[in-house]
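J.: So you can see what is in the structure, the chains are spelled out below.
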Amino acid sequence: MQHEGVWILAEQSHGRVQRISHELLTRGIELASKRGTTLTALILGNNVNQDDLQGLIDRGADRVVAVEAPQLESFLPQPYMRCMLKVIEDYRPEIIIAGATSTGRTLMPLVAIKANAGLTADCTVLDIEEGSGNLLQTRPAIGGNIMATIKTPNNRPQMATVRPHSTRPAEPASGREGQIVRLKAPQELLASDVKHVGFSPNVEEQALSDAQRVVVVGRGIKKGENVELARRLADKLDAAVGATRDVVDRGWLSYPHQIGLSGKTITPQLYVGLGASGSIQHLAGMQTSEVIVAVNTDPEAQIFKVADFGIVASLFDVVPVLLEKLPGK
Amino acid sequence: MRIIVPIKQVPETNAVRMDEATGTMIRDGVEAIVNPLDLYAIELAIQLRDQHGGEIIAVSMGPPKAAAALREAISMGVDSGVLVSDKAFAGSDTWATSYVLAAAVRKIGAFDLVICGERATDGDTGQVGPGIAAFLDLPVISYVSKFDSLVQGACRVHRLVENGYELLEMALPGVLTVVKEVAAPRLPTLRGKQKARKAEIPSWGAKDLDVHADKLGLAGSPTRVVKIFRPSVARKCVKHVPTDERTLNEAVDGLVGFLRGKQLI
Ligand SMILES: Cc1cc2nc3c(=O)[nH]c(=O)nc-3n(C[C@H](O)[C@H](O)[C@H](O)COP(=O)(O)OP(=O)(O)OC[C@H]3O[C@@H](n4cnc5c(N)ncnc54)[C@H](O)[C@@H]3O)c2cc1C
Ligand SMILES: Nc1ncnc2c1ncn2[C@@H]1O[C@H](COP(=O)(O)O)[C@@H](O)[C@H]1O
Chain A
84 MQHEGVWILA EQSHGRVQRI SHELLTRGIE LASKRGTTLT ALILGNNVNQ DDLQGLIDRG
144 ADRVVAVEAP QLESFLPQPY MRCMLKVIED YRPEIIIAGA TSTGRTLMPL VAIKANAGLT
204 ADCTVLDIEE GSGNLLQTRP AIGGNIMATI KTPNNRPQMA TVRPHSTRPA EPASGREGQI
264 VRLKAPQELL ASDVKHVGFS PNVEEQALSD AQRVVVVGRG IKKGENVELA RRLADKLDAA
324 VGATRDVVDR GWLSYPHQIG LSGKTITPQL YVGLGASGSI QHLAGMQTSE VIVAVNTDPE
384 AQIFKVADFG IVASLFDVVP VLLEKLPGK
Chain B
1262 MRIIVPIKQV PETNAVRMDE ATGTMIRDGV EAIVNPLDLY AIELAIQLRD QHGGEIIAVS
1322 MGPPKAAAAL REAISMGVDS GVLVSDKAFA GSDTWATSYV LAAAVRKIGA FDLVICGERA
1382 TDGDTGQVGP GIAAFLDLPV ISYVSKFDSL VQGACRVHRL VENGYELLEM ALPGVLTVVK
1442 EVAAPRLPTL RGKQKARKAE IPSWGAKDLD VHADKLGLAG SPTRVVKIFR PSVARKCVKH
1502 VPTDERTLNE AVDGLVGFLR GKQLI
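Chains as they are written, first to last, in this note's numbering: chain A, 84 to 412; chain B, 1262 to 1526.
No lab work stands behind these hints, which were simulated from the structure alone.
Treat the hints with care, as some may be off.
Covered stretches of chain A (chain B as the covering partner; in silico rule of three or more C-beta atoms under 8 Å from a C-beta of chain B) [claimed, not checked]:
#	stretch
1	119 to 133
2	198 to 205
3	373 to 379
The list that follows gives simulated cross-link-like pairs (lysine to aspartate or glutamate, EDC-like), each with its CA atoms no further than 20 Å apart [unchecked claim]:
#	chain 1	residue 1	chain 2	residue 2
4	A	LYS319	A	ASP293
5	A	LYS408	B	ASP1514
6	A	LYS278	B	GLU1430
Beta carbons are placed, not taken as given, at the ideal position from N, Cα and C, and that holds for glycine.
Same shape as in the complex, but just chain A:
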């Protein structure tokens, strides 16, 4: 039997479909149309909200397959892996795309090994090769200095992860029709050597990833105390504060603030960089921002290559004036 169809791995939390699923649909719609095939969203969970499943259809899925059991309520590697393998065996997808989330990054390698499939992590561009129909997976390699395009010529499914917030979520269209298949996970697949004991939330962590405006501090801020200046600008713009790795390494802000290859990827409406040089590793986490503003004393700084609006001057001169001129608070 042939392998056919593009699939995305949707994610849920407490039965509610998560944003990453809608971002994956954006990727999936394009791939399915290029490949001339259908788009299916797979979701593992328990009692997943019916409106949310319909929401996946509204946003571009032709079909939703929900595999459910109480043991699948939250991610556990073994039962998730076995259920996904069973789905692959039954439906034989050609392509599976997941988010590079704590779930996707763990589940996908487990499944890829067992399914004898190739897997490419953290793709920034996904495309279909003309003629062969192979999935072309492009990702940064060696610290982001190089991009590599990878394919899986002989093994199926072709699997890839993409970073959260690296695309916009697909918009819903009313009146879209599709099939929702709810399957009860077979009991024999649900044993787990890992048990959930508890959870402690960290709200601040999530805020930066979801922020629509971000003010990023680079080493040009010079001292930890000066971060306060950036915070004031962030408050005025209703923005979250992010940082480059150099700032985090110096302890001026904590690791959860780091934007870039080894930190978070963000796609806000507005990115304001203060004294960030725009290293390729930093760009890897922010260049898909909608509007990019940069303040840097060095006219040759890389950040200006990706910026929409730049001021070549000291942030210590620019920010106080900007604070005065901005309306509000």
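On the provided structure of chain A, position chain B with the ligands as indicated by the hints.
T.: The following block gives chain B with the ligands in isolation, referenced to the frame of chain A:
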């Protein structure tokens, strides 16, 4: 406790060249270090051994010079090292790497934990840890940020996820991959360095492991690098270069107008 720590030797700088034809890295002439994120795995292993007794074996798959990474691990306090090296392993992707490392772990014999780094700074996939678990049919917990306790044949750990920390319990044996928060790596000691210099490091090739020839190296890897290129980034930037207070004011007015135009304020 018997703990196995897979460590990777990676290039020190990011000034690495690629072989455009095969899509693999040219490692010659670049200084090599232990993958920085593997130092956290080594440190956690040392703390667990010092607390509960037992031994730690580091294993590294790579060219013969990867033995240096194992010696560094020993100088930090790891008990012994095994090099997994063979021309047949060259060009392995994460599938083929996990396959060989799992075979090496199996050959080392009974253990309680395999502790991996979160990811290697060169390949940067984070796939090998779960990959080893899959080949060994063992449970895995990724992104471990804190080791809480050992209770009756199980370990209790914190796992870093997007919106907080999960508290999980895993029956041993199993595989962990750890993040930076898990421990602060110690520096090698003088005595450790002496021990490392004298350490006998066995080297295992394909014939020493229970592996199939067709699953090794480039030929055994499902993925193929087909193209390598320099990333290009470009937007049209409106650039202001103020030289005095007046032009600074103009530049900032320009910015405020720009943000207003984009309906961001
Ligand atoms: C494998 C790997 C992963 C990495 N991952 C990341 C990552 O996730 N995120 C990340 O950010 N980096 C990452 N890096 C590090 C990256 O290469 C850079 O070192 C880092 O981004 C530089 O941070 P920076 O821009 O703050 O500092 P610098 O490059 O030192 O830039 C400081 C800038 O401030 C400007 N400046 C100085 N004074 C002022 C002033 N008064 N006003 C305005 N501007 C001023 C300077 O002109 C300069 O451009 C990674 C590196 C590697 C090898
Ligand atoms: N060649 C290797 N030899 C030993 N361990 C490795 C090797 N490659 C990867 N690992 C382990 O797997 C982790 C994840 O690596 P990666 O999937 O390549 O990002 C590393 O932190 C190491 O613990």
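J.: Next, verify each hint and record whether it holds.
T.: Hint check:
With 0 residues having a beta carbon nearer than 8 Å to a beta carbon of chain B, the stretch 119 to 133 of chain A misses the requirement of three or more and the stated coverage is violated. Using a Cβ-Cβ cut-off of 8 Å, 7 residues of the stretch 198 to 205 of chain A lie near chain B, which meets the minimum of three, so the contact claim holds. Judged by the Cβ-Cβ criterion of 8 Å, the stretch 373 to 379 of chain A is covered by chain B as claimed, because 4 of its residues qualify and three suffice. Between LYS319 (chain A) and ASP293 (chain A), the direct Cα distance comes to roughly 18 Å. Compliance with the 20 Å bound is thereby established for this hinted pair.
Only pairs whose Cα atoms come within 20 Å are accepted, and LYS408 (chain A) paired with ASP1514 (chain B) is accepted, the gap being roughly 7 Å. As the CA atoms of LYS278 (chain A) and GLU1430 (chain B) are separated by approximately 5 Å, the hinted pair is consistent with the 20 Å bound.
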